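Asker: Sequence:
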Amino acid sequence: MSIVGVTVTAPDLDAEVDRRFGRAPYILVVDRGTMDWEAVENPGREAGSGAGVRAAAVLAERNVKDVVSGEPGPNACAALRAAEISMYCGRAGMTGREAIERLKRGQLESSSGTGRVGNLVGGAVGGLMADRGPWGRGRGEGRGRGRGRGRGRRSGGGGGSEP
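In the working numbering, each residue carries its 1-based index in the sequence shown increased by 6.
These aren't lab readings, by the way, just hints derived from the structure by calculation.
Note that the structure is a prediction, hence the values are computed from the model and not measured.
Beta carbons: idealized from backbone N, C-alpha and C, even for Gly.
Have a look at the derived ranges for each label pair, beta carbon to beta carbon:
(1) E90 x A53: 19 to 25 Å
(2) G54 x Q113: 34 to 40 Å
(3) K110 x G56: 27 to 33 Å
(4) D37 x A88: 21 to 27 Å
(5) S55 x G112: 31 to 37 Å
(6) G112 x P49: 29 to 35 Å
(7) A84 x E107: 26 to 32 Å
(8) G56 x R111: 30 to 36 Å
Can you build the whole structure from these sequences, using the hints too?
Answerer: Written out as structure tokens, the structure is:
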């Protein structure tokens, strides 16, 4: 049995994937094989700090092996890695159900230390935050591969802005 976590905007499998990992209102915990699911209120949603780490703890407690969401912050990314949880990027408008189906078919981009998350960890925080990951808000440029080439608030340097 493989358990998947999906951050969503409402407690439903057909709710939209939330681009915010630590601040998503709900986390769906889904059995990949049977599609049985449980909606868990995200305890980090209202936290002043450490929201992503709290969300990662919820996933680890429930033996989640993969998570589909937007970009986790650096501390959440470290917590997910420590719990050996693989990270995958959801897309704007994708439902939780679609995210699971795409994950099963190998159609989601991994965020496990390369690409956008690699840039974040590698020091491209300024470029990534200007870009906002797969939702493409801001003026980020290029796709990056963990090179840590962020150049400040609006210059991009990593992250990409894919449709």
